[in-house]
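Those sequence lines, one after another, are chains A and B. 83 is the number that our numbering gives to position 83 of the first sequence; each next residue is one higher, with no gaps. 214 is the number that our numbering gives to position 214 of the second sequence; each next residue is one higher, with no gaps.
Just so you know, the hints here were simulated from the structure itself, not pulled from any lab data. One or more of the hints may lead you astray.
[Unchecked claim] Derived lysine-lysine pairs resembling DSSO-like cross-links, with alpha carbons at most 30 Å apart: (1) B:K28 to B:K362; (2) B:K160 to A:K71; (3) B:K396 to B:K362; (4) B:K396 to B:K314; (5) B:K46 to B:K160; (6) A:K71 to B:K314; (7) A:K71 to B:K396; (8) B:K46 to B:K386.
Now for the letters of each chain:
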Amino acid sequence: MSDIETKLLNDVQAIREIVAQQGRLSVDVFELDTTSDLYSAGLTSLATVGIMLALEDRFNIEFPESMLSRKTFNSIASISGAVSQLAT
Amino acid sequence: MKTLELNTAIDIGFDFDELLRQVHAVGKTVLAVHAAEVDRDARFPKEAFAALRHTKLLSAYVPTEFGGMGLNIVQIGQVCEALGQYCGSSAMIYAMHCIQVACVVHHAQDSSYYRNYLWELVADQRLMASATTEIGTGGDLRSSVCAIEVSGREFKLTKKAPVISYGGTADDIFVTCRRSPESPASDQVQVLVRRGEFTAEPLSTWDTMGFRGTCSSGFTLTAAGDVAQIMPTPFDEILTQTMHPYSHIVWCSLWTGIAADAVNLARSFVRAEARKTPGETPISAIRLAEVDRVLQEMRHNVQSLTREYHELLKQNDPEAFRGFGFSIRTNNLKVTCSQRIVEIVGQALLICGISGYRNDSKFSLARHLRDAYGAALMVNNDRITKLNATMLMVHKEAF
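All chains should be modelled from the sequences, with the hints used to inform the complete structure.
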């Protein structure tokens, strides 16, 4: 496994932990696929605030207002995409 | 959301000023006449609603293509403010009805069931109520305990609602519930239950300080119906794009009406004083000048957010509601107006003095003041401020 792949896996794991702590989901986030719809698992737009703040802290990034959307927080994969976009 | 823009155009040839004159006429001759009794007996303002139905005002927000008046949110706000000047409870019931109508108009015109329903609403001037809060959710609209159970074409639901305003009188009730018994608390749908299809078992009474005529008792609601009655749009979208902004706009509008009537009473009182000493401006006139300034600020605040919402609706794009900025401003409007109404009525009371304090005087401000204190509590200001506090952690002013 390359360094980049390892980092990505670690990031996804960190994102899952953050969603588990802040997302107030009705299911176990570690059981979900990376593409599963988090909103239908109980995520609300208000809970995304906690997720976003924790992501900002963990990855040392800052989300612009334009990314505070359902699209960004729809799944673990979409969050991961947003994080890598902001981290570069 | 395809149909959001329908109500943003004023029908050519429709004279809104004339309609507003009619609203004031109904207010003076019907609402104001029964307001004291409605308040004293905490009873539904049936005379007011007979008159509003007669004037077809229950379908004011229904687009003209369904036979409604096709008023926009700016105009609905003006109607609510006008009604608020005559009877706070009647205005509040009318405002709450309009919120439910807006949910259908904005989010269900793709459904043939709801298109038919709009025609029926116009023809029968049906009164719509709402059952959002639930015992066990602590007032959080975004979570439900009860769930809809579907088998074949039929749905069933039971909801313990601590408050259903005019639930004993409404023709139809919009109920929020979980999408299915397996769904998380936040995965909600809104379902229309209609008179004849539901039973409402009283849970509590409504003997309050103000807005007594709204008869907002609690009920256990048991209903069944056709799956077509489930709104096609998820509730969180309806809440963000319609129910939340629309509610605060129509509430703040009618509170402005109550405040304006208090200022009108104060003005009559000052004028009567001035007549006793012509050529001299009474001290109370200075207070009138002060309170008038606060009323103007309140009214302009409401109008400004109403126009912003009107513009957002015109964009006809759910993405326009993205981000927290508009929600925060909507919440700010509600909290500010709920404080202003108490301040204004309080100032008017100082002007009218003991005449305003009396229950048996034509300058009595007792009902205005009791109604005014309800504004901060219906969706508690503390809850709203906490939501804003959370959203403000991530929201930045646009530059």
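A quick look at each hint next to the structure:
no. : hint             : in the structure
1   : B:K28 to B:K362  : 14 Å, holds
2   : B:K160 to A:K71  : 34 Å, violated
3   : B:K396 to B:K362 : 49 Å, violated
4   : B:K396 to B:K314 : 24 Å, holds
5   : B:K46 to B:K160  : 26 Å, holds
6   : A:K71 to B:K314  : 23 Å, holds
7   : A:K71 to B:K396  : 19 Å, holds
8   : B:K46 to B:K386  : 37 Å, violated
Checked against the numbered hints above, the structure breaks hints 2, 3 and 8 and satisfies the rest.
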